[in-house]
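Chains as they are written, first to last, in the UniProt record's numbering: chain A, 1 to 389; chain B, 1 to 267.
Read the hints as simulated data drawn from the structure, not as lab findings. Note that CB positions come from ideal geometry on N, CA and C, so glycine has one too. Mixed in with the good hints there might be a few duds.
Stated by the list, open to error - Using 30 Å as the maximum straight-line C-alpha spacing, the simulated DSBU-like pairs for lysine-lysine come out as follows: (1) Lys259/B / Lys61/A; (2) Lys38/B / Lys48/A; (3) Lys229/B / Lys173/A; (4) Lys99/A / Lys261/B; (5) Lys364/A / Lys212/B.
What the hints assert, rightly or not - Here are some chain A residues the structure puts well away from chain B; computed CB gaps all over 12 Å: (6) Gln76; (7) Ile247; (8) Val259; (9) Tyr373.
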Amino acid sequence: MYINFEVAVKFLYVLIILNVVFVAAVYAIKIKRLRRTRIERRFEVKFKDYFTYVLVNIEGKEPLQAPPFSLNKVEQEILQERLNDMIENFTGTPREKGKELCQRLGLVHYHLDRLKKGSYAVKIDAAYHLGCMRVQEAVPDLLQLLATHKLNSSLFVIARSIAKCARNEQDVKEMVKLLLSHNKGFYDLLVDMIKEADIEHGALFAEFIQRDSNEYILIGLCGLRDYTEPTVASAVYRLIDSEDRMIQSMAVEIYFKSVHFIPRNVVQKLLQHPLDELRVLTIGAIADQKLVTYIDVMKNALLDESKRVSAASAKGLLLLGEEGIATLCGVTAEVRGSEQGEYLQMLIEEELKFLSVQLHDLVKLTRYNSLAYHYEKTLGKNKRIYRVV
Amino acid sequence: MAIVIRNNIQEITLQLLQFVHLATKKSASCGVILAPCKNMNPKTLEQAKLLMSNNDASLSVQFFYDDPNQVLCAVLDNGTMGNTHYASLVLKDFLQDQHLLQGQLIVSSFPESGNPTKSTIEKFMLQAIRSKGKEGNIHFFTGANAAASVLIVDTDDIIREFIKTRLELKGYRVHEAKDGQEAYHVFVRELPGLVITELNLPIIDGYQLIRKIQATNSYEGEVIVLTDKQLTENMSRAYESGAADYVTKPLSISELEWKIKRLTKNN
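Construct all of the structure, not just a fragment, from the sequences and the given hints.
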């Protein structure tokens, strides 16, 4: 009993000592942070005019000069952050002059040295800063660091830095290859990083979709999603028949976005596809491009077994003018009484209700009148629907 | 009885004008820094001159001090806006260390900032005299009359500061806001000729702000979107809301400046 009491007292002492140590550590961190904030504030005041000088002359012919006063370590770090922001925010001459200033201030050399000799944390920090400053000399070391790095969030810091510093397409391809070796589907993130590189992105994405590897194809497709040139349509056309569903649906989406006219054989092929998602995309593309010549195709799609396709087709026909509206009402009248007919009639009535409160818009007003007229004519409802003039 | 009033400002203006004309005859440009200072003596002037010559040997600096108005004038042969502004950083540091600075340093370069006429120099001098008692920052003088006013709405301090500095140099009156709500308040108060806005804004987003601006009956100005969002959907939505132009980040300064110039001119 006596021994236990002694142990308990000793344990309490240890706890008290630990508490004191932790409190001291917390206060030390707090004081360090406060000191840094104070230095930052002083720096902001001291350097306000210098930054104005940088901003005013960032496009001038003369090179930007270093501050006319010496900097301590914290001030140098703050200056680095401001310069990083500037390089990230601007393009062209301002970005080049920002990079040149970093070189003149010795920041490039400093971080290259840290990347080569520092500890793991220092290397990651150096990689981030070198990326911000777009230091091309850092690429070989960054690639080496990426190759030996395990899969965690820092991996993407290094990869993004490589993209920013990339000397050519080859550096970006090397970075992509190393990241893909981790076998994870972060294609959108990869595309976002590739877009940071100073290369022709479209050409690289187009090259990726020509490869056999599905991973490269998906990166290429994610990258091409925002392109609307007809050349993109021909590049992705081959992938419309891909066996991979994800590739196929992305390829169809990009194809419709970039093609200027959809050939009939493509429309027919896609409308026979077992995936209703692709059929909906096809109907949507016909409506978006206002392809009146495909009203017959849309008419057939109204009676599709999938309600999604049927609804898309009804909405599409409404956008194809008088002829489209007449077709929609005609088909609805033909299948009146069936489940399909009820569904189409409900869609028409919903549209009429929606359009009836949008009559300030001339396009919607004419659509409302057209729909109301054909609805009354073909479906012959007793309820009086007024036409708006 | 005739009373002769001695016009101190006119005297110093003529003196400075003479210096500027001589300097512009000698070289293509002439930089001028005006600083309200007290108790300047020949020894301090000599020190300041030595310091500035050491800083940039290619610049020939001439100092003179106007005692009645207590304004120090530095005239730099071959001084462009860039190197004159850099020299003003050195001069400001020196004057602050010696506790001599009493207001703002006003920087200009001729003919970059306008033609050095008597009225321009007088305005320049008045700006320096009026800055007495204010915080010792560096400001620019432009001969141009205030053109249109512009409201910049962005959460990023660097972007706001940058556009503000560039536009003020070109003679625009610039207002700033960090979020959509603040922007709308400033807009209602100032009715600026042009609004440059980000789409990602707290409280009221960019689209809502544009729609609110466009809904203002008496407003005839324009809105430029300056944003990170690069998708065509965002662009279409911004135009539908009433934006007149769309610029994406990272930004090209010359592109933005041309667009601002075009839209303010149209207005």
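Here is how each hint holds up against the structure:
no., hint, verdict
1, Lys259/B / Lys61/A, "holds (22 Å)"
2, Lys38/B / Lys48/A, "holds (24 Å)"
3, Lys229/B / Lys173/A, "holds (26 Å)"
4, Lys99/A / Lys261/B, "holds (28 Å)"
5, Lys364/A / Lys212/B, "holds (24 Å)"
6, Gln76, "holds (18 Å)"
7, Ile247, "holds (22 Å)"
8, Val259, "holds (15 Å)"
9, Tyr373, "holds (29 Å)"
Of the numbered hints given earlier, the model fails none.
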